[in-house]
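Respectively, the protein sequence lines represent chains A and B. For any residue, its number in the working numbering is found by taking its place in the first sequence, counting from 1, and adding 1. For any residue, its number in the working numbering is found by taking its place in the second sequence, counting from 1, and adding 1.
Hints were generated in silico from the structure; no laboratory data involved. Keep in mind that the hints are not guaranteed to be accurate.
Said to hold, decoys possible - Calculated cross-link-like contacts (lysine to aspartate or glutamate; reagent style DMTMM-like; alpha-carbon spacing at most 25 Å):
1. K324(A) / E224(B)
2. K324(B) / D104(A)
3. K315(B) / D229(B)
4. K324(B) / E224(B)
Said to hold, decoys possible - Among the chain A residues that face chain B by a calculated CB cut under 7 Å, a handful are:
5. R220
6. S228
7. V232
8. P252
9. I258
10. N261
11. M264
12. T267
Remember, predicted model here, so these are calculated numbers, not experimental data. By construction, the Cβ of each residue, glycine as well, lies at the ideal position given by its N, Cα and C atoms.
There are 2 protein chains.
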Amino acid sequence: MSAARPEQKSQDLREAMFAIGRAARVVARALALAPTATKNAALRAMAAHLRQDSAVILKANAADAEAAQAAGLAASFIDRLRLTDERIEAMARGLEDIAELPDPVGAVLSEWTRPNGLNIARVRVPIGVIGIIYESRPNVTADAGGLCLKSGNAAILRTGSDAFRSASAIHACLVAGLKAAGLPEDSIQLIPTTDRAAVGHLLSGLDGAVDVIVPRGGRSLVERVQSDARVPVFAHLEGICHTYVDKAADPVMAKDIVVNAKMRRTGVCGATECLLVDRAAPSELLAGLVTALLDAGCEVRGDEAARAVDARVKPAATNDFGKEFLDSIIALKTVEGVDGAIDHITRLGSQHTDAIITSDAATANQFLTQVDSAIVLHNASTQFADGGEFGFGAEIGIATGKLHARGPVGVEQLTSFKYVVRGSGQIRPG
Amino acid sequence: MSAARPEQKSQDLREAMFAIGRAARVVARALALAPTATKNAALRAMAAHLRQDSAVILKANAADAEAAQAAGLAASFIDRLRLTDERIEAMARGLEDIAELPDPVGAVLSEWTRPNGLNIARVRVPIGVIGIIYESRPNVTADAGGLCLKSGNAAILRTGSDAFRSASAIHACLVAGLKAAGLPEDSIQLIPTTDRAAVGHLLSGLDGAVDVIVPRGGRSLVERVQSDARVPVFAHLEGICHTYVDKAADPVMAKDIVVNAKMRRTGVCGATECLLVDRAAPSELLAGLVTALLDAGCEVRGDEAARAVDARVKPAATNDFGKEFLDSIIALKTVEGVDGAIDHITRLGSQHTDAIITSDAATANQFLTQVDSAIVLHNASTQFADGGEFGFGAEIGIATGKLHARGPVGVEQLTSFKYVVRGSGQIRPG
């Protein structure tokens, strides 16, 4: 058999991708009008299919994991890829949790009546078609598909090629759930190829078919998506989160929060990467924070003042500030009060999540007002930067852009709105 | 004297544009924190300077108008360009009206407390830096500058070159008002050149300095901005608005609304361009609508059914449907009830503003739900598609995109938000 000529293959892929876009656009109209009960029935049926077909999913996943091992991929990568019965159960429960969330579609956001009697309501509607580009975590297939469905959007999923078999097996369960509830199969499409050129087509927006792209993955993926996408992107590139401990901080609270903010989970985007301490704070405060971090197993890279309180503190390089370690490492700097902290965060932060620890309300308010990040906290851990902790339910990611979605992106953030105006014959004079 | 080499000139422009971007980014921080009273004082001082310097503005405008006439530009173009004492007074009053609007910045959009005691508030903040690209209407300089200031954003204005002298004279008054209130002069910058390459730089986002671009002008301007901008755009390309008259419409109400929707002002984006009439409606209803439109001086381009009721109806060409006439012309089509109307609007509308006239509540609801436009109206004129009519005060335009701003874009739509989280020492378990 002769292989297809490369240009023919490229043309075929292009056609296939545009067909996916057109199909998504068509089903988006139906999904926007789908009743809440139908969407929830589909989500619950998907969960049931995941449980029922867990052996099939695990087998597909084992093939992915073997291929990844044979290719010499890192153990941490293979761990993210690997599914277990517990992980499949967590995916199923995740879908059932999404079914429990209130339906955002049709919610009246505000309503008012004009002097001429026109009644104006701002009503939530789905955005339309969401493209999700992710890496090797197979559970994103179910999470993203479920969130898009609940918010009435059509989803086009692009999995990392190393997880293609796993994602396909999970996707089959989602499609079975859609069918069981009488919803169109194309409501959640998985791009059926590992050809990397498909990503470029998706990022182009498929001739206007895709309304927004959500990348889920590491920095290089997000960078590529942000740089190449011709449609809006909901994403954060980095979570360079700061915790600033003011001279008026309660020392015990500060210690508890700082250790939690850094060490609870070091690999999440809400982990504190840089500790800023007020130069005017008592030296015991600084020493207590440093000791607590070191005792918790954290490497501390500090400036002169930090190194003076504990010899175990390593000297910080200039580029340790503004760095996302995603590890048990923290950069530590003494700053000139809250002004110095705000200035540091403005220059080196990533507008994701930043916290102040202080008992002084005026200082706290200055920080909360002047730090220009999606989430600012007073006397709490940056690890709360999470849609679940905000009460949003599941989230598809955290956005640091300022347009449309900012902070945790849950089902509400995957919607738009329309103005519904009800009159009784009003015409406009003049 | 020798002219600068072209590549040197191009390099100088690039440097100048990036310097404008950096300056905007710097003042944006100060503007975000500017007190309401300071912003309002600046707006009122700008109005006073416009009145005081009206002779200077009129002189600059006369030079623009003369040059436009000498260049043989159309009379309608010169009319839009031309300023009068009344038009300057309207600009000044417009700025005073913006001063009267509530300050959107700092408004708490929602607030809730989590079971762990964390208090979360969603608080409005400015977006940052807004680029506005417009044509020959000099008043946009004041309107856009004022709206950006009130919403706490830095503005970068790019006027059409034919109105450059007028825009510069108006801009000088805005700067004088900023200075009088102690706000940085760079809060509202006018690109100080008519070099067209400056637009390309602005559309690039000036190395991340520009957060959003708002084009104000005709289709070709909006098309260029939408196609070339590397930052988000708030815009509508076309206002192809429909009014659907259902069989259950009150004939008098339908006639009044249809004539108003088409003829009140034919040049605005909310003008109805296409009338859809239910095939099941009594023939007197259709005849009444056609006669009323013709009597009001409107050219009617209709299908067979419309031509059957009045010989003055011209045959509609296929491309008359989905066309933005912006003139005393309407396309008329009979459709199969509300389903036919929704189908027509879905295929040929521009997701701007569409209306249904009916006394049947269920039919109205179907239309309001299923038509996927920024504004949908029941028993009211499409000419209400306007921020002022919505109670938003002045608007910078109408957006048909679904992300962030949709419908009229006023001061609230020029803001983003942040989450302010207040705790008492909460750390995240698990």
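Hinted contact T267(A) with chain B - closest CB pair below 7 Å:
13 Å, violated
Identify whether the interface hint at M264(A) stands, where standing means a beta carbon of chain B within less than 7 Å of its own.
With Cβ-Cβ at 10 Å, over 7 Å, it is violated.
Hint status (Cβ of I258(A) to nearest Cβ of chain B, threshold 7 Å):
OK, holds: I258(A) within 7 Å of chain B, min 6 Å.
Interface hint check: N261(A), Cβ to nearest Cβ on chain B, cutoff 7 Å. Holds or violated?
Constraint on N261(A) satisfied, holds at 4 Å.
Can you confirm whether the C-alpha distance between K324(B) and D104(A) stays at or below 25 Å?
Violated, at about 36 Å.
Measuring from the C-beta of V232(A) to each C-beta in chain B, is the shortest one below 7 Å?
9 Å, violated
Verify the proposed pairing of K324(B) with E224(B), using a straight-line Cα cut of 25 Å.
Between K324(B) and E224(B) the Cα gap is close to 16 Å, so the pair holds against 25 Å.
Have a go at the P252(A) hint: is there a Cβ in chain B nearer than 7 Å to its own Cβ?
12 Å, violated
Straight-line Cα separation of K315(B) and D229(B) no greater than 25 Å?
39 Å, violated
Next item in the hint list is S228(A). Is there a CB on chain B closer than 7 Å to its CB?
9 Å, violated
Are R220(A) and chain B close enough, Cβ to Cβ, to be under 7 Å, as the hint says?
Since the shortest Cβ distance to chain B is 17 Å, the answer is violated.
Against the 25 Å threshold, does the CA-CA distance of K324(A) and E224(B) hold or violate the hint?
40 Å, violated
Checked against the numbered hints above, the structure violates hints 1, 2, 3, 5, 6, 7, 8, 11 and 12; every other hint is satisfied.
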